[in-house]
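Trainee: Sequence:
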Amino acid sequence: MTESKTTQTAILDSAHAGDIHGALGSIARDDTAPRATLLARLKTLLAIVGPGLIVMVGDNDAGAFGTYTQAGQNYGTTLLWTLLLLIPVLYVNQEMVVRLGAVTGVGHARLIFERFGKFWGAFSVIDLLVLNALTIVTEFIGITLALHFLGVSRFWGVLASAAIVMLAVSTGNFRRFERFGIVLVAGSLLLVPVILMAHPPIGQIASDFFVPKMPQDAKLSEVMLLIVAIVGTTVAPWQLFFQQSYIVDKRITPRFIRYERLDLCIGIVLVVVGAVAMISFCAAVFAGKPEFGNYTDALGTAVGLETYAGRLPAVLFALALLDACIIGAAAVSLATAYAIGDVFAVKHSLHRKPWDAKGFYSVYCGLIVLAAVLVLTPGTPLGLLTNAVQTLAGVLLPSATVFLLLLCNDRHILGPWVNSVRLNLFTGAVVAGLVMLSVILTAAVLFPDLGETWIIGILIGGSVLALAITAAVKLYELSSRRNASFRFKRKPSLVDPDSWRMPPLDRLPPARLSPLSRIWMIVLRGYLVVAAGLVLLRIVQLATVGA
493 MTESKTTQTA ILDSAHAGDI HGALGSIARD DTAPRATLLA RLKTLLAIVG
543 PGLIVMVGDN DAGAFGTYTQ AGQNYGTTLL WTLLLLIPVL YVNQEMVVRL
593 GAVTGVGHAR LIFERFGKFW GAFSVIDLLV LNALTIVTEF IGITLALHFL
643 GVSRFWGVLA SAAIVMLAVS TGNFRRFERF GIVLVAGSLL LVPVILMAHP
693 PIGQIASDFF VPKMPQDAKL SEVMLLIVAI VGTTVAPWQL FFQQSYIVDK
743 RITPRFIRYE RLDLCIGIVL VVVGAVAMIS FCAAVFAGKP EFGNYTDALG
793 TAVGLETYAG RLPAVLFALA LLDACIIGAA AVSLATAYAI GDVFAVKHSL
843 HRKPWDAKGF YSVYCGLIVL AAVLVLTPGT PLGLLTNAVQ TLAGVLLPSA
893 TVFLLLLCND RHILGPWVNS VRLNLFTGAV VAGLVMLSVI LTAAVLFPDL
943 GETWIIGILI GGSVLALAIT AAVKLYELSS RRNASFRFKR KPSLVDPDSW
993 RMPPLDRLPP ARLSPLSRIW MIVLRGYLVV AAGLVLLRIV QLATVGA
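Under the working numbering, the final residue of the sequence shown carries the number 1039; numbering is consecutive throughout.
It should be emphasised that the hints constitute simulated quantities derived from the structure, not laboratory data.
All C-beta atoms in this analysis are idealised placements derived from N, C-alpha and C, irrespective of residue type, glycine included.
Each statement offered as a hint is correct.
With a Cα cut of at most 25 angstroms, we get these calculated DSS-like pairs of lysine-lysine:
#: 1; residue 1: Lys705; residue 2: Lys781
#: 2; residue 1: Lys711; residue 2: Lys781
#: 3; residue 1: Lys839; residue 2: Lys850
#: 4; residue 1: Lys610; residue 2: Lys839
DEER-style ranges, computed between Cβ atoms:
#: 5; residue 1: Asp988; residue 2: Met706; range: 49 to 59 angstroms
#: 6; residue 1: Ile758; residue 2: Leu811; range: 17 to 27 angstroms
#: 7; residue 1: Thr529; residue 2: His904; range: 31 to 41 angstroms
#: 8; residue 1: Gly609; residue 2: Ala779; range: 49 to 59 angstroms
#: 9; residue 1: Leu642; residue 2: Pro908; range: 46 to 56 angstroms
#: 10; residue 1: Gly1018; residue 2: Ala528; range: 50 to 60 angstroms
#: 11; residue 1: Val1022; residue 2: Val956; range: 14 to 24 angstroms
#: 12; residue 1: Asp523; residue 2: Val913; range: 26 to 36 angstroms
#: 13; residue 1: Trp992; residue 2: Thr663; range: 27 to 37 angstroms
#: 14; residue 1: Val1015; residue 2: Leu917; range: 11 to 21 angstroms
#: 15; residue 1: Leu917; residue 2: Val987; range: 19 to 29 angstroms
Take these sequences, add in the hints, and give me the full structure.
Mentor: As structure tokens, this is what we get:
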């Protein structure tokens, strides 16, 4: 904790301060020289890259493989345009946590505790822990599917995968783990030769990527649910917690935010390339075949690739799936361990040896062991667990995005790095859209017979309600001139943004929410209570009937 006291920052673990030792380069803590040449900027970028690459490619995990291959096998390339729309959403969400991590030196969960109280802090951590534990189980389900196709023993393959994921973080060397992550990021490119071997129509892919359209002769309810699934698997709550804490652990400070933004952009390109590849080669391979429109799972995709395209592309697909599940399991487990360590202010850094951060590594390895055991235990309702992951993600996503937006407008936290008005307008629209999709996803999982009328009604009714409440509260704020505490008075900046850091948490004044923010927090709490109750009821029903 000496570092925190000497520099007057909020850093909770002294291991989070010091030289940057990335996978591809290092930067000394006292290196403040300007990057005047292209070579200097390139060396700096190479030292910084990692968080954006790992969080984005880690998001193309088992759930993403299932969603994207299902989209291609059932509807061809007609839903590619959803990926184009998600690019700015991905960037805006993750760019905000980039700023939060670099400026505050504190993880996402701890900031929620400090600024919104114990209720929301406990909710975010407990929900994250449950959701991430189930997500890791789905990663190991994906591992078993890949191993089955490759002819590897399920038992020994799962044990070996679990051991690799645990050993990767247990060296006490941040650089070693990041190099492990970068190797897995490179492994995700195995999907590129698969699409080249499938020979999909490039013109059709380009058209469907840039021109929105809906599949012909398809039920709107089914298509909408798949679109929601694409959004849910591309914009996941764990990403926010992981990247913010990982940036803190890598010791990235505000003067390197521009480089981290570029790292994030490269990661987004890779995740979109992988998603486009999966949708496209599935569309090309299964077109006109009996399997078209009859998706089963990733194993069925691999078998179909072998039948219609050959053994090599099928093997590459299975290896890419295995690679994705391993990086996904590592990233999601780290997100949870970081959050627990941050909230309880215990040592939580990959720079520390396992015996120097026992709680941090115990949480990480415990989640991996639990997932492996559940997958290998006969009779475990794996289908029910997968269903629960999808539903819980839909419930958690609105709260995660709302908290993110509020934190990035807290001047005591971000100082000169707070959101601009334009960014707030765009992000507010994104948050509203995510909330609508979350409601549809949750309702559809709870009520499988949900029809098109209900889906359209939710979209229209929710939009009208959101606009009405927002307009009413804004009119109230504008008419009440006496309430000046919520109107920001601009003052000339006297500080250098690149050197500004959030002060220690105990020196922050209490958070003050505007009337509009308070209303939306009340609405959010009510939604979460109702949705969580219905989800619990549905899971009990499914378990009772043996699903």
